[in-house]
Every structure is written in structure tokens, then in C-alpha cells.
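**Q** This is what each chain is made of:
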Amino acid sequence: MRRVAVVVFPGSNCDADTLAAARAVGSEAYAVWHRETDLKQADIVVLPGGFSYGDYLRSGAIARFSPVMAAVGAHARAGGAVLGICNGFQTLCEAGLLPGALMRNARLRFLSRPVWVRVEAVDTPFTSLYERGEVLEIPIAHGDGRFVADPRTAAELEAQDQVVWRYVRDNPNGSTNDIAGICNAGRNVVGIMPHPERRNALVLGGDDGARVFQSMEAGNATQHAVDVRAVGDHHLRV
Amino acid sequence: MTAYRVEVRVMPRAALLDPQGQAVEHALHALGFKDVTRVRVGKHLVLDLEAPSGDAAAAQARVMCDRLLANPVTEDFEVAVRTG
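Chains as they are written, first to last, in this note's numbering: chain A, 122 to 359; chain B, -15 to 68.
Chain A extracted, bound-state conformation (with noise of 0.2 angstroms):
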């Protein structure tokens, strides 16, 4: 059973679906307040979806400061394992632990349907039961969801297979490269517009968004950094 902490920040509104698709899988997931400097050993940290600080300044970009942040930052450097959904990826990029960034919408309009997204890499902690090339319907709810990065930083996410999810059929909002999701060089730091735990059962309208929680739970991927789970409240530093 792997530790998951969510991350609630003032205008979260998906931590508790978060919570609840990691609990189905069988994860022990918690809340953690933004105010917070301790993640309580956490193995896997999610950034929820929502509008923290009502999007004010950029998206995520005062989020970024959150007391919590620190120790987000922390782990992720220690190779620990964190997504950001939505709004959670706009706050890893503000951070700067995900390259690029997240701008309005090529067509202005909030968005909020379904869409489909290719996998492209399999091995990151959040993908890794997923097969390369398959074709998941997720839905998406932004305004602010177009990635862009400069030619030499979305040439790198190419040539390194940082590209872990891609827009098909249509991209919705003009992201560089249909990019719709991505992961740090590290692979350990993931980032996905689409809101897998929106359709993590067949009840909510399908399940592809579920083995995004599995692969967590179940620990397989290639991880760079292995368990470097610590000594009292502290992760090491890689």
C-alpha cells in the first residue's frame, strides 16, 4: 500500500476525486494543506485539478509558493514520484519541475468534454500498465491548457520521450506537439491536462483514466531514484 498525498490548495475542487480514485486502487491517500511543510512520508505526491488562487497572476502561479511546495519540490528531487492534474501540471511548471508552460486556450473558450490521448511513454510511475500507443478518452476542463515551450525545450522533450500523453483526433486548445501530458527528465515528475480521475470506472462514463492510479499503486516503473524514502521526516537529496 503506497502512500499518496494530495495536495489541497485554496480553489483545488479535484482533490476529492483524486483521493477517492487513489483509494480505489488501494492506496493509503491523504490530504495535505497547502500551509503544510511535511508530506508525512508521503511515496507519491498528486497535485489535484482546480483553480488555486482563482487562477490569479497565471495559472499555478502563486500556488507555486505554497509553504507545501518546498517539500514537494524536496521530494520530487529525491526521484520521489509526483503527478500534477490540470491545474497541479500549470503549478509543476510555475515550479519549474516540468519544462514549457501553460497558456489560454489557441480558442479562448473553457473547455470541458472529452478527449483522446495517445500514450506515449510507458515508463513513468504513472504509466507504466498502460501499452505504448494505446488510445484513452479522458475528459478535460481548462482554459489555460495549451503547453508551449521553446524549439530547443520541446526538441529535448522529443528526443528524451518526455512526451507521455498526446492530443489525437484534435488537439483542443493548440498545445506545441498536441502535447497533452509530460514528464521531467527524471521521469519521476509528471504533468497530464486531461483529468484521468474523472474516468476511473465504468459508472463515471469509462475507466481509461484508472491504471494512471494502478501504475502508481503498483510501483513497477523504471525508477531512476529507487526508494529513497528517509531517515525521520527527511528525504535524501539526490
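Heads up, a few of these hints could be off.
Stated by the list, open to error - Label pairs and their in silico Cβ distance ranges:
| # | chain 1 | residue 1 | chain 2 | residue 2 | range |
| --- | --- | --- | --- | --- | --- |
| 1 | B | R(-7) | A | V256 | 40 to 50 angstroms |
| 2 | A | G307 | B | A43 | 33 to 43 angstroms |
| 3 | B | E34 | A | A339 | 49 to 59 angstroms |
If you are wondering where the hints come from, they were derived from the structure by calculation, not from laboratory data.
For every residue, glycine included, the Cβ atom is placed at its ideal position computed from N, Cα and C.
Following the hints, complete the assembly by docking chain B onto the known chain A.
**A** Same frame as chain A, but now just chain B:
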């Protein structure tokens, strides 16, 4: 220490798509302002702060831009200082 007013202009990078600017441009064209060839929409922030000098106020504001007010991946900024 002197009170300064610092105005910060944050603009989307020129090379990036600015859908908000495009939408405003289209609306201006619809209103008959046919001569408009490009519109870009950014942010204007006004900060009141205490600093030993205008240069120090500008330097502080630039650090604020680097850390929070602008995203270096997508935005450029300019800082202008006025004595308050």
C-alpha cells in the same frame, strides 16, 4: 527610504500565439477600425514600495518579475519607476 511607484508591464512573448489579442483585433475590425494590423494583450501592474533610490526600486521590481510577476517561458516585462 523614499516612496516610489513602480509600473510593470508584462507582455506575452512576441513569437507566441496571443489568442486574446487576436480576438480583440477581430472585434476592432468588426467595429470598423480596419487599420489595426495587430493587437496584443498584456498586464499592467502598479506597485507602491519604499526604496533607497529609484534604481534600487527598479532592481527590486525586476527581481519580483523574475520570481513571480512574469513567467520567463511565455512573457517579457518592462519596469518603469516614478517617484510616488
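**Q** Against each hint, give a clear statement of whether it holds in the structure.
**A** Hint-by-hint comparison with the structure:
1. Range check, R(-7) of chain B to V256 of chain A: Cβ separation about 43 angstroms, and the 40 to 50 angstroms hint holds.
2. Checking the proposed 33 to 43 angstroms range against G307 of chain A and A43 of chain B shows it holds: the Cβ atoms sit about 35 angstroms from each other.
3. E34 of chain B and A339 of chain A have their C-beta atoms about 55 angstroms apart, which keeps the hinted 49 to 59 angstroms range intact.
In terms of the numbered hints stated before, the structure departs from none.
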